[in-house]
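*Asks:* Letter by letter, the chains look like this.
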Amino acid sequence: MKNIGNLKEFACTPDRFQGGHRLCPGCAHGMIVREVVNATEDDLVISTATGCLEVCTAIYPYTSWDVSWLHIGFENAAAGISGAEAMYKALSRKNRSYNEDKKVKFVAFGGDGGTYDIGFQSLSGATERGHDFLYVCLDNEGYMNTGGQRSSSTPIGAHTTTSPRGRVSYGEKNRKKDLTMIMAAHGCPYVATAVPGSKHWKDLAQKAAKALSTVGPTFINALSPCTTEWKFKPQDTVEIADLAVETCMFPLYEIEDGHKLTITYKPKQKLPVEEYLSRQGRFSHLFKPENSWVIEEIQKEVDRYWEYLQRKEEAGV
Amino acid sequence: MATPKEMMSTWDKIQFGAILPSFENPEKKLKSKFNSFNYKVADWRVEKPVFNRELCIDCDFCWVSCPDSCFLVEEVENKRGKKQAKIVGINYDLCKGCGVCVDVCPTPIKSLLMFPEFTEIDEALNQWPTKDNK
Ligand SMILES: Cc1ncc(C[n+]2csc(CCOP(=O)(O)OP(=O)(O)O)c2C)c(N)n1
Ligand code: SF4
Ligand code: SF4
Ligand code: SF4
Ligand SMILES: [Mg+2]
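Chains as they are written, first to last, in my numbering: chain A, 1102 to 1418; chain B, 84 to 217.
Looking at chain A on its own, in the form it has when it is part of the complex (with noise of 0.2 Å):
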């Protein structure tokens, strides 16, 4: 397992993940990625779910990956990373793996919509099956690189294309789903939930080394601010990423053995969620006086969810 000192130390980790992509400016994606890449010195096989991050990274006849990349189809991101990790199993005990004495790690990356929705189905059966993988998904909470529809990842009251606002609609109407406890309950020797940026860089990088360096499946649920379709400034993905987590919108933790949960960060005094919503384009109908009510239901949410996870972190069970 790669070590994670200080920043200053992990800055001097060679990028193998390189600019010239063609993601929007200021798309968390790419932050996220760079850092996963960059917190093992194994050598890696990676495979990407059709969405941004495949789309914008792989435009023919260039690549911004500088390990061993596969695109696969939007739904089969798991189900391709759990081909490769089996071949090379397989070649390795033929003795005709084309390194011995370096590891490979497998990861995959996937949309929310790549994960949460079509790529569901591939992804519960690799980690049923018990490969030795990562699974990364970059939860921009709908579809973005189709324009914007809604996922079962969009959370209740987002304006989407096909969860719009309107006159007698204040958006998304429907939870978001608990994938990273769905994954959890698989039994996953580790999940972890983590976001991008400067202030939880170390959270990020320390997740991803440990997952990687766990054998058998595991899985991030990384939040991916995307500045495009949540209508913030590009510059603010940080701060909106942040936010998520002082707010406990979007809290930081992570389960070993599907059940022992430690809470990764505690806010010093969560913010009411408000400040997270006012940010982006996609809630500001929720500030309206008819939809108030809205906001108090999505704080009751966080409240009721954030006691649940203090609760499972002290039983400890």
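Don't read these hints as lab results, they were simulated from the structure. Ideal Cβ positions, reconstructed from N, Cα and C, are used throughout, including at glycine. Please note: incorrect hints may appear among the correct ones.
[To be verified] Here are the simulated lysine-lysine pairs, DSS-like style, with alpha carbons at most 30 Å apart: (1) A:Lys1311 / B:Lys214; (2) A:Lys1206 / A:Lys1195; (3) A:Lys1303 / B:Lys193; (4) A:Lys1103 / B:Lys111; (5) A:Lys1311 / A:Lys1195; (6) A:Lys1204 / B:Lys112; (7) A:Lys1206 / B:Lys114; (8) B:Lys111 / A:Lys1109; (9) B:Lys112 / A:Lys1206; (10) A:Lys1334 / B:Lys214; (11) A:Lys1109 / B:Lys169; (12) A:Lys1413 / A:Lys1361; (13) A:Lys1369 / A:Lys1401; (14) B:Lys193 / A:Lys1206; (15) B:Lys169 / A:Lys1334; (16) B:Lys214 / B:Lys162; (17) A:Lys1195 / A:Lys1278; (18) A:Lys1300 / B:Lys214; (19) A:Lys1332 / B:Lys96; (20) A:Lys1371 / B:Lys96; (21) A:Lys1103 / B:Lys162; (22) A:Lys1369 / A:Lys1300; (23) A:Lys1300 / B:Lys193; (24) B:Lys193 / A:Lys1332; (25) B:Lys123 / A:Lys1334; (26) B:Lys111 / A:Lys1206; (27) B:Lys96 / B:Lys114; (28) A:Lys1401 / A:Lys1361; (29) B:Lys114 / A:Lys1103.
[What the hints assert, rightly or not] Partial chain A-side listing against chain B, Cβ under 10 Å, derived: (30) Val1134; (31) Ile1160; (32) Lys1300; (33) Thr1328; (34) Pro1335.
Given chain A, put chain B with the ligands in place with the hints provided.
*Replies:* Chain B with the ligands alone, transformed into the frame defined by chain A:
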């Protein structure tokens, strides 16, 4: 093999099942022409970040937050002989001018500031705010 430009001139130049090697020489880390590192996104910018070495404390917040891997780093040794990164500049071919680096820079007077694209670096450094005039 054709150049990247030739390969994407028309649809029929696309090679089926193409494998794009990121390195010409993986051992020496010599990047190939297919590596997006060699693609320029500079024309996306309207404003550019300018780096002021004098004020920088090498916290590396900008390095870790930049989504486009733009910060140029030199490995140096600190007083206790531990390796650490020193920021030496910005790769303007890869920078899209998002401004995240400026936002996260923590020095009292920022060590990174956005300037209109056409501003010369020297000119920008001369206009830098001072303590009394932030
Ligand atoms: C089977 C299939 N259905 C639909 C599409 C079209 N499609 C491409 S990207 C995308 C949205 C991806 O959303 P998400 O996984 O959340 O990733 P994001 O772009 O938001 O990062 C869709 C619907 C596709 N490529 N394949
Ligand atoms: S639409 Fe959103 S997720 Fe996609 S590249 Fe742009 S900022 Fe990133
Ligand atoms: S403006 Fe954005 S792309 Fe350019 S160096 Fe700063 S963080 Fe990187
Ligand atoms: S964030 Fe500012 S102070 Fe920190 S390394 Fe970058 S330029 Fe220097
Ligand atoms: Mg998405």
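*Asks:* For this structure, which hints from the list above don't hold up?
*Replies:* 1, 14, 17, 19, 20
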